[in-house]
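As a plain string of letters, each chain reads:
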Amino acid sequence: MSTAGFLLFLVSAVLAIVGAVITVASMRPLRAAMGLLLHVVALSALYLTLNAHLLAVLQLLIYAGAVVVLFVFVILLLGPAGEFAGDSEKLIGRVMGGCSAGAVLLLTAFSLSRHDAEFGPVGADYGTVEGLGNALYRGAMAPFEMVSITLLVAVVGAVAISRVRTAREKASDAADAEARKLANAGGSN
Amino acid sequence: MTTGLLLLTTALKILFILLVTVGAFAPMLVWAERRQSAMMQDRIGPHRAGIRLPAGAADAFRASVLPMRLAAAASGAVGALLLLLLAFAWAADDASWLPVSPLELTATGVGLLVLGGILDVGSKIHGMLADNGGNISLAGLLHPLADALKFIFKEDFVPPKADKLLHSLAPIITLMPAIAVFAVIPFSDVLYLEHWDAVVPRNGVVTGDVTAIPLQVANLNVGVLFLFAIAGTGIIGAAIGGYASDNKYSLIGGIRAASQMVSYEVALGLTIVPCFMIYDSLRLEAMATWQHDNGVWGICVLPITIAFVLFFTAAIGETKRIPFDLPEGESELVGGYLTEYSGMKFGMFFMSEFIEVVGLAAVATVIFFGGWDLPFVYRDGIDFPGVWDAQLASFVMGVEYNGAVEGIDATGIALAHWGVLALGVVGFLAKIVALIWFQLLTRWSLPRFRYDQMMQLCWKGLLPAALGNILFTGVVVLLGEGAMQMAVWSGTFVVVGSIVFFFLPALKRDPRVPAGAQPAAS
Numbered sequence: 122m123s124t125a126g127f128l129l130f131l132v133s134a135v136l137a138i139v140g141a142v143i144t145v146a147s148m149r150p151l152r153a154a155m156g157l158l159l160h161v162v163a164l165s166a167l168y169l170t171l172n173a174h175l176l177a178v179l180q181l182l183i184y185a186g187a188v189v190v191l192f193v194f195v196i197l198l199l200g201p202a203g204e205f206a207g208d209s210e211k212l213i214g215r216v217m218g219g220c221s222a223g224a225v226l227l228l229t230a231f232s233l234s235r236h237d238a239e240f241g242p243v244g245a246d247y248g249t250v251e252g253l254g255n256a257l258y259r260g261a262m263a264p265f266e267m268v269s270i271t272l273l274v275a276v277v278g279a280v281a282i283s284r285v286r287t288a289r290e291k292a293s294d295a296a297d298a299e300a301r302k303l304a305n306a307g308g309s310n
Numbered sequence: 002m003t004t005g006l007l008l009l010t011t012a013l014k015i016l017f018i019l020l021v022t023v024g025a026f027a028p029m030l031v032w033a034e035r036r037q038s039a040m041m042q043d044r045i046g047p048h049r050a051g052i053r054l055p056a057g058a059a060d061a062f063r064a065s066v067l068p069m070r071l072a073a074a075a076s077g078a079v080g081a082l083l084l085l086l087l088a089f090a091w092a093a094d095d096a097s098w099l100p101v102s103p104l105e106l107t108a109t110g111v112g113l114l115v116l117g118g119i120l121d122v123g124s125k126i127h128g129m130l131a132d133n134g135g136n137i138s139l140a141g142l143l144h145p146l147a148d149a150l151k152f153i154f155k156e157d158f159v160p161p162k163a164d165k166l167l168h169s170l171a172p173i174i175t176l177m178p179a180i181a182v183f184a185v186i187p188f189s190d191v192l193y194l195e196h197w198d199a200v201v202p203r204n205g206v207v208t209g210d211v212t213a214i215p216l217q218v219a220n221l222n223v224g225v226l227f228l229f230a231i232a233g234t235g236i237i238g239a240a241i242g243g244y245a246s247d248n249k250y251s252l253i254g255g256i257r258a259a260s261q262m263v264s265y266e267v268a269l270g271l272t273i274v275p276c277f278m279i280y281d282s283l284r285l286e287a288m289a290t291w292q293h294d295n296g297v298w299g300i301c302v303l304p305i306t307i308a309f310v311l312f313f314t315a316a317i318g319e320t321k322r323i324p325f326d327l328p329e330g331e332s333e334l335v336g337g338y339l340t341e342y343s344g345m346k347f348g349m350f351f352m353s354e355f356i357e358v359v360g361l362a363a364v365a366t367v368i369f370f371g372g373w374d375l376p377f378v379y380r381d382g383i384d385f386p387g388v389w390d391a392q393l394a395s396f397v398m399g400v401e402y403n404g405a406v407e408g409i410d411a412t413g414i415a416l417a418h419w420g421v422l423a424l425g426v427v428g429f430l431a432k433i434v435a436l437i438w439f440q441l442l443t444r445w446s447l448p449r450f451r452y453d454q455m456m457q458l459c460w461k462g463l464l465p466a467a468l469g470n471i472l473f474t475g476v477v478v479l480l481g482e483g484a485m486q487m488a489v490w491s492g493t494f495v496v497v498g499s500i501v502f503f504f505l506p507a508l509k510r511d512p513r514v515p516a517g518a519q520p521a522a523s
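Taken in sequence, the protein lines are chains P and C.
Per the working numbering: the first sequence = residues 122 to 310.
Per the working numbering: the second sequence = residues 2 to 523.
What you were told as hints is all true, and nothing was included just to trick you.
Covered by chain C, per the in silico footprint, the following chain P stretches (three or more residues, Cβ under 8 Å): (1) 141-153; (2) 167-180; (3) 193-200.
Estimated spans, in silico, between C-beta atoms of each pair: (4) C:151 / P:212: 54 to 60 Å; (5) P:265 / C:267: 19 to 25 Å; (6) C:149 / P:141: 36 to 42 Å; (7) C:281 / P:221: 47 to 53 Å; (8) C:509 / P:255: 52 to 58 Å; (9) P:251 / C:11: 21 to 27 Å; (10) C:149 / P:126: 37 to 43 Å; (11) P:131 / C:195: 34 to 40 Å; (12) C:11 / P:244: 23 to 29 Å; (13) P:195 / C:419: 52 to 58 Å.
Keep in mind the hints are simulated off the structure, nothing from the lab.
By construction, the Cβ of each residue, glycine as well, lies at the ideal position given by its N, Cα and C atoms.
Please take these sequences and the hints and turn them into a complete structure.
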């Protein structure tokens with residue numbers, strides 16, 4: 122890795138960690154979302170140091186442009202009333218969280234010390250649009266299509282579940298209820 | 002290329018982009034829009050800011066108008082006469098009776114014509130200054146400067162209960178992506194440093210050890226996707242600005258802005274997929290080169306013609322301008338997410354809106370209007386159909402036309418590499434101005450939509466139309482060369498037809514205004 126690349130790696134790695142800490146530590150939801158945004162942007166810079174340009178842009182496009190925006194949108198809809206009132210100070214939860222974070226760090230350090238991976242050279246079209254396109258549409262056509270169909274089914278299902286009843290359906294339901302009421306009234310007489 | 006050269010050229014390119022967009026286009030745009038709105042609402046408008054000149058200046062300017070106009074007329078008449086002489090000589094194909102060589106005659110004639118034009122404009126400016134009491138106001142062009150000064154010195158008010166950090170962060174998050182868009186816009190063809198004053202071949206292939214400098218800040222493999230990634234982060238600025246203002250109008254404005262921009266971003270991305278399919282690349286410079294090499298602007302290929310209409314609509318929705326300016330609809334939301342902003346923070350929101358307008362024009366220029374490509378301008382010079390231009394050039398230069406003269410191409414006029422590139426930059430900027438003009442026209446022609454109408458237009462209008470257009474493009478590309486030719490012919494027909502039907506009637510004088518009584522531009 123070149124000097125400039127190493128500098129970019131250092132800066133973006135530090136920013137990614139800072140963003141992640143802000144995300145979990147901030148009491149205000151919108152500041153947490155901004156922390157997530159910082160983390161996502163820094164992560165995309167990390168992909169740049171790995172020569173994965175397309176992945177870096179997709180990271181921005183999907184996570185910064187869609188996921189963070191969705192979070193922000195939900196926070197806006199809840200409004201200031203949705204702000205977190207305060208912590209209930211559960212010690213056991215904090216201890217467990219700290220322990221698991223330490224365990225993950227230890228495991229990572231251990232596995233890195235056992236398998237010291239070198240940065241290998243990559244091909245000319247590695248990480249480019251052409252490279253990914255060839256891999257996706259030539260190498261893995263069938264799985265790709267199957268995944269698309271599955272996702273389409275999931276989208277249709279989500280729309281079907283979340284669909285609000287139309288005015289006409291409401292009117293016909295109301296008419297049914299009215300008819301039942303009338304029938305009941307007739308029966309009681 | 003050495004690192005030093007790379008850094009130097011990149012810095013120069015960034016400087017150029019910033020000067021053109023932030024320094025020139027955005028203030029001009031503010032001025033043009035305010036002039037227009039003042040004209041429509043019959044009020045004074047941005048006219049007041051000016052530099053006061055000493056007493057007596059007005060009389061001096063008034064006295065200088067007539068002499069300058071006479072000098073301009075004389076210079077122009079002599080210049081035209083000289084060029085007429087040249088035309089006679091060329092028609093007779095005999096330059097021997099001319100007192101000077103054709104080259105000197107041309108230079109003098111063109112020089113006198115240009116001088117006359119400059120003098121004429123100068124006399125008009127002097128007349129304007131005299132009418133203005135000797136104050137330099139330049140038709141209000143100094144007003145943006147006064148506006149900027151006002152923004153800087155105005156109180157920067159933050160609502161007491163607002164989140165101060167996010168309140169300050171929002172304008173920055175909005176402004177940065179608006180400027181970053183220009184990183185991938187190519188403003189001319191590739192510069193070959195060693196050949197800067199030589200003539201490069203028409204196909205652009207230069208041999209030997211050359212330093213190729215793309216006239217574009219970042220030469221990215223992902224190209225257009227970068228634009229969408231950047232535009233996506235711009236959404237967050239308006240949203241958190243609305244939330245952090247501690248104001249219900251701001252909050253509703255922020256929610257509207259976020260949902261509108263997310264919706265239109267989806268449509269925007271899908272509308273230009275046909276362009277990728279036909280240009281066969283995601284790179285903006287490759288798109289411009291495709292249009293140059295094939296001799297046809299994208300707008301004249303039928304699927305891309307349709308894509309342009311959809312793209313422009315979606316892009317105006319994405320920039321949140323009239324008729325899609327629901328997030329700041331002042332009749333219902335005071336100022337939307339801008340309500341609690343003042344001073345330079347408001348100025349940054351304001352600035353980013355105008356820079357987005359310029360950015361949209363630049364992107365549309367590259368994708369649909371050939372970028373730096375100009376008709377009859379090739380990499381080796383200017384070449385009109387036929388050989389008359391080469392014959393004229395050789396006559397002017399006083400050499401025999403034989404199809405291969407030094408400095409003259411077989412069929413056209415050769416230009417040095419830097420000249421061709423400069424012409425490209427000029428053409429690119431001219432197209433941007435034209436598209437900005439079109440956006441201002443749209444802004445003043447259409448009323449604001451209702452929110453549900455706007456959302457329906459996006460999800461039920463633009464989105465299905467864009468998907469259908471992708472399918473249509475796929476069919477055209479699959480059918481091959483013949484279908485492509487058909488698409489070019491029909492696209493050209495549609496473009497020329499719509500210019501004739503929509504724009505030519507606008508040139509006619511408004512019948513309600515009697516001749517000679519045009520409304521005063523105030």
